[in-house]
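Engineer: Put chain E on the given structure of chain F with help from the hints.
Here the protein sequences line up with chains F and E, keeping their order.
So for the first sequence, my numbering puts the first residue at 1; every next one is plus one.
So for the second sequence, my numbering puts the first residue at 1; every next one is plus one.
Simulated from the structure, these hints should not be mistaken for laboratory data.
Careful: at least some of the hints might be erroneous.
Said to hold, decoys possible - Label pairs and their calculated CB-CB ranges: (1) Arg16(F) x Ala34(E): 22 to 32 Å; (2) Arg162(F) x Ser149(E): 27 to 37 Å; (3) Glu145(E) x Gly12(F): 21 to 31 Å; (4) Ala202(E) x Leu114(F): 53 to 63 Å; (5) Arg16(F) x Ala243(E): 22 to 32 Å; (6) Tyr24(E) x Arg160(F): 19 to 29 Å; (7) Leu68(F) x Ala132(E): 50 to 60 Å; (8) Val135(F) x Glu140(E): 44 to 54 Å; (9) Glu187(E) x Leu114(F): 47 to 57 Å; (10) Ala228(E) x Glu223(F): 20 to 30 Å; (11) Glu135(E) x Arg162(F): 30 to 40 Å; (12) Glu23(F) x Ala132(E): 29 to 39 Å; (13) Tyr24(E) x Glu223(F): 18 to 28 Å; (14) Glu140(E) x Ile179(F): 51 to 61 Å.
To be verified - Covered stretches of chain E, going by a simulated chain F footprint (3 or more residues, C-beta under 8 Å): (15) 18-32; (16) 119-125.
Yeah, the Cβ is synthetic: ideal placement off N, Cα and C, and Gly gets one too.
Spelled out, the chains give:
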Amino acid sequence: MALLANTTVLLGKELRTEFRSRELLTTTVVFILVVVVLFSFTFDPSIGESRRFGPGLLWLSFLFAASLMLQPCFLREQNSDTLSALRLSVADPFSIFLAKLAANTLFLLLTEILMLPIFAILYNVHILAVFPQLVLVLFLGSLGVAIPGTAFSAISAQARMRELMLPLLLLPLLTPVLIASTEATGGLLAENPALRLDWLGFLAGFDIVFLTALWLFGEYLLEE
Amino acid sequence: MTAPAFITTGIRFEKIEKRYGGLYALRQVSLEVAPGECVAFAGRNGSGKTTLLRIAAGLVRPSAGSVSFPTSLNGSDHRGLDIGVKPLLQETSTAGAQFGFVAHATMVYDELTAEENLLMFAKLQGIAEPGARAERLLEEVGLSERRNSLVRTFSRGMRQRVAIARALLNDPLVLLLDEPATGLDPEGITWLASALRRMRDAGRTILMSLHGESEISALATRAVRLDAGSVVADTRARSDMHAILTFAGA
Numbered sequence: 001m002a003l004l005a006n007t008t009v010l011l012g013k014e015l016r017t018e019f020r021s022r023e024l025l026t027t028t029v030v031f032i033l034v035v036v037v038l039f040s041f042t043f044d045p046s047i048g049e050s051r052r053f054g055p056g057l058l059w060l061s062f063l064f065a066a067s068l069m070l071q072p073c074f075l076r077e078q079n080s081d082t083l084s085a086l087r088l089s090v091a092d093p094f095s096i097f098l099a100k101l102a103a104n105t106l107f108l109l110l111t112e113i114l115m116l117p118i119f120a121i122l123y124n125v126h127i128l129a130v131f132p133q134l135v136l137v138l139f140l141g142s143l144g145v146a147i148p149g150t151a152f153s154a155i156s157a158q159a160r161m162r163e164l165m166l167p168l169l170l171l172p173l174l175t176p177v178l179i180a181s182t183e184a185t186g187g188l189l190a191e192n193p194a195l196r197l198d199w200l201g202f203l204a205g206f207d208i209v210f211l212t213a214l215w216l217f218g219e220y221l222l223e224e
Numbered sequence: 001m002t003a004p005a006f007i008t009t010g011i012r013f014e015k016i017e018k019r020y021g022g023l024y025a026l027r028q029v030s031l032e033v034a035p036g037e038c039v040a041f042a043g044r045n046g047s048g049k050t051t052l053l054r055i056a057a058g059l060v061r062p063s064a065g066s067v068s069f070p071t072s073l074n075g076s077d078h079r080g081l082d083i084g085v086k087p088l089l090q091e092t093s094t095a096g097a098q099f100g101f102v103a104h105a106t107m108v109y110d111e112l113t114a115e116e117n118l119l120m121f122a123k124l125q126g127i128a129e130p131g132a133r134a135e136r137l138l139e140e141v142g143l144s145e146r147r148n149s150l151v152r153t154f155s156r157g158m159r160q161r162v163a164i165a166r167a168l169l170n171d172p173l174v175l176l177l178d179e180p181a182t183g184l185d186p187e188g189i190t191w192l193a194s195a196l197r198r199m200r201d202a203g204r205t206i207l208m209s210l211h212g213e214s215e216i217s218a219l220a221t222r223a224v225r226l227d228a229g230s231v232v233a234d235t236r237a238r239s240d241m242h243a244i245l246t247f248a249g250a
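Here chain F stands alone, though its shape is the one from the complex (with noise of 0.2 Å):
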């Protein structure tokens, strides 16, 4: 129960601070915004290649913009070691990653969510009859980018390099995310729409172990 009302207090400070700081999801929403719009400036891709390759661009922004937006999810908890005044607070410091996780799950999804109309606009691809599966996979998706994503971002705040080092940790782990991801999004953007299960079920099967991994190790990725 601790843990639970830990990281809704948490939480409710990531969401306070972003919303008054717009950081995260500005820079996010811009980057994606656009790739988005200059893959489709320089391909002008027909109906059959957007859905060919609309799916692979699409996650591959959004893997992109996710290691810029998880760069600071532990920086900024050191320009005033507020992260020491969580660790002496908490009783389980495993609340400090799952408010970060919700957040950076939350504000990935949103401005996914935000993205797709103009991808299906510039890319001509309809989405409107799958929306509620896509917002499926985008929610399986981002989770699997979110877990390692904060895990890594804790490591790289206390290295040298840290804004180099998180998306070499984080970019080649994400691949398998990236594979599923993609398959499960051109399925539903297919000429028959179809929600391909294995790869949700993949996305989730991975979506768990690095979970109970940043479970059972997490704190020490505390440590100073």
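Structural biologist: Only chain E this time, still in chain F's reference frame:
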């Protein structure tokens, strides 16, 4: 009628070492701080004061040695919490419930108001009636009129007051203060000295790192000087404290 429980906690450092690569921050530091003592740590920059305080708080894992917290309940000894060479954060978090820690940095969020900061930390620490506690502390530190202002709009001294209020939220048994007067104006220093005096007289154990003598150092019942990670002087004699705190003869 049963008398209310009176709990005090001391700190025992046993052969503490802290290495960062080949660099020793602390070398074989052994100190026993009795419950209710007020210890002032002096020493040049990099002498190991901050590291020792952070190890006591459970924020830094020692490379060797151990820290324990002998606890006394109504005058009789009880086994306290032990933090060994490999502490689990779970253990240190439990121990942390007894600590108030003021560091170099303010340890409060710039994007939250003073009240939101205190309220959040009070809720995380499971303090009963967090709102009332936050309100009382804001009044004590003289910030009740600025309670709804974002901390980023505060001066360094005002931020330090919020930091001190945060450290006092859980009415800690042990106060760890790393240069607590940083940024405070003379009025703030006088207030801090009187608050610490009250806590010392109530049997709280206080460990603080200081630079030079001040109203706050006058509260110390013991002075310890560190040099290159080792204890080089330790006294409870008031006549010797001046030399230790001002590095005279160092």
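Engineer: Look at each hint and say if it fits the structure.
Structural biologist: So, going through the hints one by one against the coordinates:
Restraint check, arginine 16(F) to alanine 34(E): a C-beta distance of roughly 43 Å breaks the suggested window 22 to 32 Å. Checked against the hint of 27 to 37 Å, the C-beta distance between arginine 162(F) and serine 149(E) comes to roughly 31 Å, which is consistent with it. The hint said 21 to 31 Å for the Cβ distance between glutamate 145(E) and glycine 12(F), and at roughly 25 Å that hint holds. The hint said 53 to 63 Å for the Cβ distance between alanine 202(E) and leucine 114(F), and at roughly 54 Å that hint holds.
Roughly 49 Å separates the CB atoms of arginine 16(F) and alanine 243(E), a value that falls outside the hinted 22 to 32 Å. At about 21 Å, the CB distance of tyrosine 24(E) to arginine 160(F) agrees with the hint of 19 to 29 Å. Between leucine 68(F) and alanine 132(E) the beta carbons are some 41 Å apart, a value that contradicts the proposed interval 50 to 60 Å. Against the hinted window of 44 to 54 Å, the Cβ-Cβ separation of valine 135(F) and glutamate 140(E) comes to about 49 Å, which satisfies the hint.
For the pair glutamate 187(E) and leucine 114(F), the supplied restraint of 47 to 57 Å holds, since their beta-carbon distance comes to about 50 Å. In this structure the supplied range 20 to 30 Å holds for alanine 228(E) paired with glutamate 223(F), their Cβ-Cβ distance being about 25 Å. Take glutamate 135(E) and arginine 162(F): their Cβ atoms lie about 39 Å apart, and the range 30 to 40 Å holds. For glutamate 23(F) and alanine 132(E), the Cβ-Cβ distance of about 33 Å falls inside the hinted range of 29 to 39 Å, so the restraint holds.
A beta carbon spacing of about 19 Å between tyrosine 24(E) and glutamate 223(F) agrees with the range 18 to 28 Å that was offered as a hint. Against the hinted window of 51 to 61 Å, the Cβ-Cβ separation of glutamate 140(E) and isoleucine 179(F) comes to about 57 Å, which satisfies the hint. Interface restraint, the stretch 18-32 of chain E with chain F: violated (0 residues with C-beta to C-beta distance below 8 Å; minimum three). Here's how the stretch 119-125 of chain E fares: 5 of its residues keep a CB closer than 8 Å to some CB of chain F, so the rule of at least three is met and the hint holds.
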